[in-house]
Every structure is written in C-alpha cells, then in structure tokens.
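K.L.:
Each chain, letter by letter, is given below.
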Amino acid sequence: MYRYNAIDKSIIEDRAAEFRDQVARRLGGELTEEQFKPLRLMNGLYLQLHAYMLRVAIPYGTLSSTQLRGLARIGRIYDKGYAHFTTRTNLQFNWIKLEQAPDILDALAAVDLHAIQTSGNCIRNTTADPYAGATADEVDDPRVWAEAIRQWSTLHPEFSFLPRKFKIAVTASAKDRTVARAHDIGLVLHRAGDGGLAFAVMVGGGMGRTPYLGSVIRGHLPASQLLSYLTAILRVYNRHGRRDNIYKARIKILVAALGADEFAQQVENEWAQMDCSATDLPDAHLAGIRAGFASVPFEALPPVSAVLQVARKTDLALARFVRNNVRPHKMPGYAIVNVSLKAPGEVPGDCTSEQMDALADIADRYGHREIRVTHEQNLVLPHVKLDDLAAVHTALRAVGLASPNINLASDIVACPGMDYCTLANTRAIPVAQAIAARFADTDLAERIGELKIKISGCINACGHHHVAHIGILGVDKKGEEFYQLTLGGSGAEDASLGSLLGPAVPHDQIVPAVEALIDTYLRERRETERFLDTYRRVGPTPFKQAAYVEAH
Amino acid sequence: MTYVAMTANDLRDGEPVFWAEGRWVKPFLQAELFATSAPAEAALSAARTQPGTVVDPYMIDVVLVDGLPIPTAYRERVRALGPTIHPDIGKQAVGGEVVQAMRAYAGAARSSGRLNLISRK
Amino acid sequence: MSKLIKRRREDPAANALQWVEDAFLHIADDQPIGSDVRDLIVSFHRFQSDGAALLAEGRKLGVRLKPEEPVEQLADALSQLPVVVLEFPKFRDGRGYSSAVLLRDRYGYTGEIRAVGEVLRDQAAYLIRCGFDAFEPSDGSTLQDWSRYAFRSRHVYHARASGSGAG
Chain A
1 MYRYNAIDKS IIEDRAAEFR DQVARRLGGE LTEEQFKPLR LMNGLYLQLH
51 AYMLRVAIPY GTLSSTQLRG LARIGRIYDK GYAHFTTRTN LQFNWIKLEQ
101 APDILDALAA VDLHAIQTSG NCIRNTTADP YAGATADEVD DPRVWAEAIR
151 QWSTLHPEFS FLPRKFKIAV TASAKDRTVA RAHDIGLVLH RAGDGGLAFA
201 VMVGGGMGRT PYLGSVIRGH LPASQLLSYL TAILRVYNRH GRRDNIYKAR
251 IKILVAALGA DEFAQQVENE WAQMDCSATD LPDAHLAGIR AGFASVPFEA
301 LPPVSAVLQV ARKTDLALAR FVRNNVRPHK MPGYAIVNVS LKAPGEVPGD
351 CTSEQMDALA DIADRYGHRE IRVTHEQNLV LPHVKLDDLA AVHTALRAVG
401 LASPNINLAS DIVACPGMDY CTLANTRAIP VAQAIAARFA DTDLAERIGE
451 LKIKISGCIN ACGHHHVAHI GILGVDKKGE EFYQLTLGGS GAEDASLGSL
501 LGPAVPHDQI VPAVEALIDT YLRERRETER FLDTYRRVGP TPFKQAAYVE
551 AH
Chain B
553 MTYVAMTAND LRDGEPVFWA EGRWVKPFLQ AELFATSAPA EAALSAARTQ
603 PGTVVDPYMI DVVLVDGLPI PTAYRERVRA LGPTIHPDIG KQAVGGEVVQ
653 AMRAYAGAAR SSGRLNLISR K
Chain C
674 MSKLIKRRRE DPAANALQWV EDAFLHIADD QPIGSDVRDL IVSFHRFQSD
724 GAALLAEGRK LGVRLKPEEP VEQLADALSQ LPVVVLEFPK FRDGRGYSSA
774 VLLRDRYGYT GEIRAVGEVL RDQAAYLIRC GFDAFEPSDG STLQDWSRYA
824 FRSRHVYHAR ASGSGAG
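Chains as they are written, first to last, in our numbering: chain A, 1 to 552; chain B, 553 to 673; chain C, 674 to 840.
It should be emphasised that the hints constitute simulated quantities derived from the structure, not laboratory data.
Just so you know, not all the hints are guaranteed correct.
[To be verified] Interface residues of chain A toward chain B, partial, derived using beta-carbon atoms under 8 angstroms:
1) 52
2) 97
3) 273
4) 419
5) 479
The structure displayed is predicted, hence computed values, not measured ones.
We put the CB at the ideal spot given by N, CA and C, even for glycine.
Kindly generate the complete structure, drawing on both the sequences and the hints.
P.N.:
The following block contains the structure:
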C-alpha cells in the first residue's frame, strides 16, 4: 500500500482546488461547455444518460481499507449508495451533480484518492497485476514501477493534451493478469540476460472499434531507463498522432500506419537525443517509492492449515469457495482471495456502500488492510492466512460477496451499457444477468470450467469483448437490440483477439446462443481443455453451426 | 403520428430535462410536443438564448400511445425513466401509467434517438 | 500595440508575471511590409522567403509555427530569433508543448517562446513548465487569473532540468 507523502497530498489537494475554481467559472458562464468539457474530463467527470458520472482513479488497482471506507461514504452522501468497478480498475459513481463535484474531490483527497486524468486525452490510470506483492511468480512488485509511472504521468506538462487517451499496463509475471498486450503501452518486467530488471515494451495495442495487439518495439529496456523511454514514445505520439479524426487518433493507428519497425526507430531516434538523466528516476528516488509500499508483516506459518483442512471437509460451500476463488500466495500459510462482484442476479462489478464497509472490516481484521481491483470487475484480498479463510468466507457470505464463481461462466464482465452510458447502442447488464442466471448452478459452472464471457454495449469495447473467450457486442439494428458473438479472444499471456462468429442475434436469443456454444464445447472437448483451448483446436465451424441453428 | 420534443441535460446536476414552452422541465410528461420540425427548430434557437443552464440540447422522436407521450428510441426511454436494471432508482421509481406505458412500448425506432446533433458553440 | 503576459525567465524562482507591450508586429503571409523598420513576427514560410532580406534591414524577427510545423526546421536559425511563437488553434491541440520542450532542451533556445491562439488560464501551468514565457490569453485573463492557475500547484512531480519548473 503506497503511503502518500506531503508532496503527493499537496498535488491532489491543489488539483481539487483548481477544479473548484473551474466549476465556478463554468456555472458562472465564464467558460463555454466546449472549453470546460476537456477540463472536467481531465478530472474524471462524464455526462451520462441520467446524471454526471465520476470516475475515481484507483492507481494500479490498490486500495487501503481506509480508502474503501472513504468511497463507501462518498457513495452514501453524494450518490445512491453503490458504485461500479471498471475494466481499468477504477471506480465509477453514476449519480453525481456537477455542483457537488468539488466537495467530492475534496473528500477523495482526504483519503489520498483523486479523479485526475481518468478521462480526457491524457495518460490514464496505469494498471498492474492485482496479485502484485502476493504472488510467487513475479520478478519484482510491478506497483513500484506503476507508481513511478503515475508520478511521471500526473499533470505531465507536455503530455496532457494528446491526440487521444493513453493507457499503460505493467505486469511482472509470466502470467498476464493485466491485458498488457491490448494497451497503448504494455510493459512486461523480466530479468534480462545479465540478471538485471528489464522491460519488454509493447506499443499499439488497444480495443475499441479497431482492436490491435501491441507490437514489441524493445525487448529489453533496462528498468532504470523506463521513464525516459516512455517520454520518447509519448513525444513521438504527441507530435505525430492524428488529430483530424478521433477514430484514427490512438497510438495503435500510428504504429499500424508506420509499421512497428519504423515506429520503433522514431522512438529510438527521439530517445537518443534526449537528456535521459533529466527524466529517469535516480536510484534513491526509486528506493523511496519502493519504501512507500509498506511491507506486510507476514508471520512464519506452516504451508498447510490444519484448521482449514478440517473446515473444508464439513463446509462444502467453503470447499467450493477455496477451489474456485483462492490462489496460492508466495508466503507459506497465506493465500490470495478473489472476491466476486458477480453474484448471479446482481449487476456485474457493482458494490454497495454497505458491502464496501464490510469488506474494509474484513481487510482490517484478516487482510492487512489491503484490497485490490481486477480488470474483470472483481476484487482481491491479497494477503489472507489460510487459518482465517473460513472466517473470511463467512464474513463475505454475510454481505453477498462470496460467490464461488471466479473465472467461471457466471463471472461475466459487462460495461454499464445503455442503462447508464450515452455512447451505448444496447444494454449489456441485463444480458450478463440473464447468462449468469442460466449458469448460476456452480456444479454446472465448474463442469464447464474456465470461461471468460465479456459484454460491450457498443463498439468502444469498454467490456473488453475482443479479449473474451465468448465476446458479445451489442449493436443497434433498426432500433432493436442485437448482439454479435466473437469467439477465441484472450487477455492473458496467450493474448488473441476474438473472431466474429456470424450475424448478430436478437436480445431474446442470446442466452440460447451461448448455451449452444457451451454445449458444443462440452461435446468436443478433450481431457482438461478449457473452452478457449477447444475453440482454438477445432475452429469456429462446429460452434457456428450450433449457435445459428439454435438461435433461429 | 410522430412528434418531436427537445431534450438536454441540466448543467448543474446532469439530469435529463425537456423543453416546455420556453423553459426546461424535469418530468418527461410535461415536454412540449411539436408536430413538425419547424417550430422545434424555433424552440431550439430560443433555448440557445439561455446558455449556461443546460448542456447539449437535441431533438427526439415521440409518439402518442393511448394519449401518452412515449419516446420512440429505447435510449430515450431509458433516459426518461432510469436504468432498466434498477426499477426503484430514477424517475421510474414514482411509477404511474406513463412509466408502465414506456416500459411496455416496443416498436421500430430511430436507433440512437438523437435528431439534429447540435455542434456546441 | 497589443499586450501580452511575460514571465521573467532570468529569475524563474520569483514567478513574476507582468503585462508588457508587444514589441513585435504580427505580419500575415500576404501582408505587405512597411518601410519603417519594425520588429516583425512572420510565418515559417515567409521567414524562408523573406527572412534574410528582413534581417539585413536591421529588423528583429520572430517566427510563428503552426502545430504541424516541426521545430527542427528552425534549428539553424534560432540564434537569430529572439522570439518563437507557437500557435494553439484549439487549446486541446497539445503539439505546442512538445515544440517548446524541444526548443529549450534539445536546442538550448533561450529566447522568448510565446503561446498564441486559444490560450486559456487552465493551460498556464503546463505552458510554463514546458518553457513558454510569454502568453497572449484569449479568455480575458487578468495577471491575477493567470498567476493563480500558473502557480496553483505547491509541488510538481517533475521540475524540469531546464529550470523552468514551477515548483
């Protein structure tokens, strides 16, 4: 958990004060909407269908229990008592009034939170592995580097008015839990040949209308040179990204137009001419950031918990929860606990203020006060003793946060869709709810195994449907809600973009279509193949036949 | 017969508002319905003389069903009522026959429900 | 003469801003140049065609760049130019910030870098930290307005090595 120092606090306080001023000028008529809109977007304030929406930044998806309580309180006082965790590990409040936004930013600043650069044509929240600092399979804590990037990118004077939004993800594990390959910049931390830390730098990934997987432009960038190299990339983009057409303004378009090699060369040329020492973090500063992450006082525990072993035998719900939601921790006697925000029947990714408070209490008591957010709209308690798992499970169950469905068919990602968002063509949440209801039986879901279903209500792809095993994209056909199916996408280290299966199906046919796809998989699979593996082996034909026979 | 109404979002609280005889109102039921687009355009010009109270005014299609005004676009019905997944939140929470009618209405609609996208000055 | 806000670069720690009379006259490409020897700001295009002649008349010259015009093409001429003007046709167009940074950091330019076009006080801090030291605000900002935004942050994460940081 990164502890803000006085400088960090002053920056977000001053930014909140500046925005208070800007809101006053807007309400007083001194700023037009055209002038004000980019400024309010840079403070995360959107205008949606029903009200303003405020997107709070959760840097690298890490929250303290104090911060979670702060968000719960804001939800109660200024919103309608609930909020939504997004696919970029931020939090959205849906019922915000502009005239209250300055007070909300002050309330956020009081718990070291902010909404800086969560929207607008600037560098957005940098995301990282939600298992950082807890998983054995990382070479270093990626959040240290994500914090360095956060500081570098916050109110960056040169890069605050880019051609378009800019998203960076950092992972330090061979297993990618950040969708790094579908980001404007994806950074994979690893050990170079000499044993030093280095980044593989991927540029030009992205979802939206025209999805791309990023290209590696540098395989081994010494970690200490990260910020100067990022500066070179951003400068090339800021100068040469298209500004004439917002649909062609992302860096992925520039990389595709130039070709990855030419783009890489331009970055290297820029980098070679820079005074890197002015930008790269001195070792002492980096050490300061590292020290800012409080080390967790792990106890020396046996690798197996007798208490848990006994409990699992008698409490089948606990056993299922452990089987599906709990992951190994680097420390013996500890575990990573995934908290599902996908209780069938509920809105995916939504969390009430009561649930937030309860989770904060659980984190205080059993989780070293730390909570993480994943890009699949779930939460994580990264440091829980095996001995405490039964108690944690009981406490989560009491507030509806114990659905044992992580990575299963009912663990669906859905954007807010046309229930909230001005950009949407169709609703996404009711589709997710209908599918989740169909596969709510966890025995069935476990039989199916790992299945990532993701739903976007429009082509902007905030639901990440391009990297879903079954992706669903809402489209409008003559005013009616239709849904396209894509298969075979993945946001993990085996990243791939889904392929369109066939014509869009109407709203009332989507559940039968998904059932048909899953039936096909169950029929065709061999051994321990996941849905994705079977699809990759047999191809789309059997799936297409099944889905379109069923749906018509 | 299709009518045209004008809508925007309130600057201060972001809520949808509807043009009704020279001013902006919150309840959709009170929205002024124009039979043709000419008077609607005139209303839009009048609305523009009131800068600073609303954001992004635009026109929407409305039909009368049993005497009740219903936006033809699903998006605009969601906007008038509230999120479909939370029937207890938003304007729909008050219930009533307009709410029921809007929920029941199904029919071909102009897709996004936005007519005359106004470029902001 | 028109006025602009100028920041005293020789004493950046003082953060002092003041209104100054613009000593230069902006000349459009198709505008004839009078015989009185005024200091002029011209487009890059005009600087290429008429620059040498104008300098020979004893005038001081500044060059005005559009966002898409690369600063590299001015590199060799910078020692002769007391002013470089960077245009912001829309305040959202961020290319001028990179141009200013390159002028200061890559080319060591010490003359005046001026922001013109749609220039709002909300940009002030970003502009100054990129090395701009003169501004023609388009939003009616007073000196107080400009200062309040320019030096709003008590701290910044990246005070620039060139010393034009605000914090």
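K.L.:
Decide, hint by hint, whether the structure agrees.
P.N.:
Tested hints:
1. With 8 angstroms as the threshold, the beta carbon of residue 52 (chain A) comes within range of chain B, its nearest partner Cβ sitting at about 4 angstroms, so the hint holds.
2. Given hint, residue 97 (chain A) at the interface with chain B, holds; its Cβ is 4 angstroms from that chain's nearest Cβ, closer than 8 angstroms.
3. At a threshold of 8 angstroms, the smallest CB-CB gap from residue 273 (chain A) to chain B is about 40 angstroms, leaving the interface hint violated.
4. Interface restraint check for residue 419 (chain A): the shortest CB-CB distance to chain B comes to about 4 angstroms, inside 8 angstroms, so the restraint holds.
5. Among the interface hints, the one on residue 479 (chain A) holds; its C-beta lies about 3 angstroms from the nearest C-beta in chain B, closer than the 8 angstroms criterion.
Of the numbered hints stated above, the single one contradicted by the structure is hint 3.
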